[in-house]
Structure formats: C-alpha cells, structure tokens
Amino acid sequence: MRMAKINSPLTPAIFHILLALSTHERHGYGIMKQVEKDSAGSVSMGPGTLYGSLNRMLQAGLVKESDKRVDPEMDDARRIYYKLTGLGQKLLAAELERYKHLLSLSEKSKLSAQRFVYGR
Amino acid sequence: MVAKRKAALLRRGYAALLWLYPDEYRQRFGDSMLQTFDDLPLGRKGFGFALAVFGDTLLSIVKENLVSTQITNKLALLGLVLMLPFALVFGVALIWQVLNWIGAASTPDPVALFPNMQLAYWLIFLAPALALALNAGALTLGALRAGPRAALTLHFARSNALTLAVVVLGAGATVFIFGHDAIPCFLKGLLNGGWGNIGPLFQLCMKA
Numbered sequence: 001m002r003m004a005k006i007n008s009p010l011t012p013a014i015f016h017i018l019l020a021l022s023t024h025e026r027h028g029y030g031i032m033k034q035v036e037k038d039s040a041g042s043v044s045m046g047p048g049t050l051y052g053s054l055n056r057m058l059q060a061g062l063v064k065e066s067d068k069r070v071d072p073e074m075d076d077a078r079r080i081y082y083k084l085t086g087l088g089q090k091l092l093a094a095e096l097e098r099y100k101h102l103l104s105l106s107e108k109s110k111l112s113a114q115r116f117v118y119g120r
Numbered sequence: 001m002v003a004k005r006k007a008a009l010l011r012r013g014y015a016a017l018l019w020l021y022p023d024e025y026r027q028r029f030g031d032s033m034l035q036t037f038d039d040l041p042l043g044r045k046g047f048g049f050a051l052a053v054f055g056d057t058l059l060s061i062v063k064e065n066l067v068s069t070q071i072t073n074k075l076a077l078l079g080l081v082l083m084l085p086f087a088l089v090f091g092v093a094l095i096w097q098v099l100n101w102i103g104a105a106s107t108p109d110p111v112a113l114f115p116n117m118q119l120a121y122w123l124i125f126l127a128p129a130l131a132l133a134l135n136a137g138a139l140t141l142g143a144l145r146a147g148p149r150a151a152l153t154l155h156f157a158r159s160n161a162l163t164l165a166v167v168v169l170g171a172g173a174t175v176f177i178f179g180h181d182a183i184p185c186f187l188k189g190l191l192n193g194g195w196g197n198i199g200p201l202f203q204l205c206m207k208a
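Just so you know, the protein sequences line up as chains A and B, in that order.
Throughout the first sequence, residue numbering follows my numbering, covering 1 to 120 in sequence.
Throughout the second sequence, residue numbering follows my numbering, covering 1 to 208 in sequence.
No lab work stands behind these hints, which were simulated from the structure alone.
Cβ coordinates follow ideal geometry from the N, Cα and C atoms, glycine included.
Nothing false has been slipped in among the hints.
Label pairs and their in silico Cβ distance ranges:
no.	chain 1	residue 1	chain 2	residue 2	range
1	B	A165	A	S22	45 to 51 Å
2	A	R98	B	L34	32 to 38 Å
3	B	D23	A	D67	21 to 27 Å
4	A	S42	B	G13	24 to 30 Å
5	A	Q59	B	H155	25 to 31 Å
6	A	L105	B	Y121	58 to 64 Å
7	B	P85	A	G86	48 to 54 Å
8	A	P9	B	S68	23 to 29 Å
9	B	A120	A	R98	49 to 55 Å
10	A	S42	B	A8	29 to 35 Å
11	B	A87	A	K64	46 to 52 Å
12	A	Q59	B	L58	18 to 24 Å
Work out the full structure, taking the sequences as your base and the hints as a guide.
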C-alpha cells in the first residue's frame, strides 16, 4: 500500500478524529458521536467524510485497526475499532502545540473576535 | 410500522449508493459504512439529517472515484473533454439541419459567428484526433504490458472500458470529420467501378 502524507495544519475532520481517538479506541459511529461532543455540535460529519478521512489516515499511518471490541452494548462482527498510532499521537500533539502558540500570540496582541467586526 | 418500512427503504438506498464507490474502497469500508449508517439515529433526527448523510456520502463517492482514477482513465477523461467541442458543434449543426429541413430556420453563416473560423475548425476538428491518438497509445501500451494473452480477455476490455469507448468515439469522430465527403465518394466509386480504378478514385475522393 502506498504511504500517503498528511501535513499540518490538519483539516477539521482529521483533527477531530485524532482528538476523538486520543482517549479511547472507537468505532465509526463512536468517533462521530465524540466529534460532535468535542466540537459542541459545530463539526458534524457523515459516514462518507468519516471513512474517507480514516482511509487517508490509515494510509498515512496515523491510525490503525484495533482487535479490541470495547463497546459491548453495540458490538457486532462488522464493527471495526480504530486507535491512534505513535505517529498519529505525535501529529496531534504537534497540532495542539500549534494551536497553543496561536492562542498565546493572540493573547499577547490582545486580539479578540470582536476586534475584527467592523462598526463595533 | 411505517417508520420501520421507511428505515428499511433508506437502508436499501444507502446500501445501493455504496456500490458507486471504487471496488477496493467499497470492499474495505462498505460493511463498516453500512454498520455506521445503521447506528445513526435517523428516526430521531428526521429527514433533513438523512438527506445530509446521503449528500455527504455522494460527495465522498465523487472524491474517492477521482482519487482512485488510474492514469489511463485520466487520459480517457481528457479525451472526453477534448471531444466535447466537436460534440457540441455536431449537435448544433444537426439541430440546424433539421430546422432548415422543416423550413423553420436558414443555415447560418459560420464566419459571421466566428471571425477566425479556420482556427476554430482546426481546434475543434483536431481535438478528437488527439483524443484518439492519446487513448489508442495508452491502450496499446497497456496491452503490451499485460501481454497478448491477457490483452485479449474480457477482463482487460472491462478494466479499460472508458479508454476503449473514447477510442471508438474518437475514431468515429475523426473518420466523420476528415472523411464525411470522401468516404461516401470512395464507397460509391468502388461499387460502380470496382477495384480496378482504386488509385485514381482515391485521388479524386480525397479532393471531395
């Protein structure tokens, strides 16, 4: 299989999937629910976006399929769980670091969302 | 009962939609996607949510098909794009001919439409020949790589279906463009005079 490369900054879908998998191994619907929860409903992805992103992340070595079946209530033979690889953890850490840097930069410059709204 | 029937119908529709993914992708993620679809609270979230899920999957299908398109298919797509201007001109000319025939419109002067008609002719008429050459080349290379035994199988034809279609369409368009007067002249001459005068007949019809 060819190894794809995913560069920073990550797309919202890939960032949120990495974030969702950072605490637990999850299956497709589990990831979708966690992404919705983490983003307070602002990021909602369908199965098309989810599996397209997972495909690219598998190819890039950021996630891998897990043997575990950790959700006994919803278990099913077809349900595949995914977990982060070392590379996925590193990329998520680097992306979070990038966000932290941007946040500190905006705090230093005393920027706020309201400053960019004309007429206020 | 009605809700269950609706859910079953949606599931069947979604399962059918998944067949539009490239084979490799569908074999890897098809079951998981259907499982995830089953998990979704479609009944609770309503029709708009179901529509969004279908829309998201449709967009993903287009994306995955474009990503998985092989180089030969990319050439075939380029070939189709190259043949588009000719197809448009051919279609418009055909409609005009019919309108002219029933007396609804007179044939327009092409030079009035395009001042640089010569250049337009070359661009429009050479494009299908270019599409033919590119795709025939790709097909020949593919056949050489696969070897004669594999190239003559139905599997080879099926996996190169788009390229084959462009070769056939390109050949048809090229023959029509460069021979729509010469070919009937040649066939008519051949029928009337036989094979004896084929040399002069060829020269005569090339000027037709």
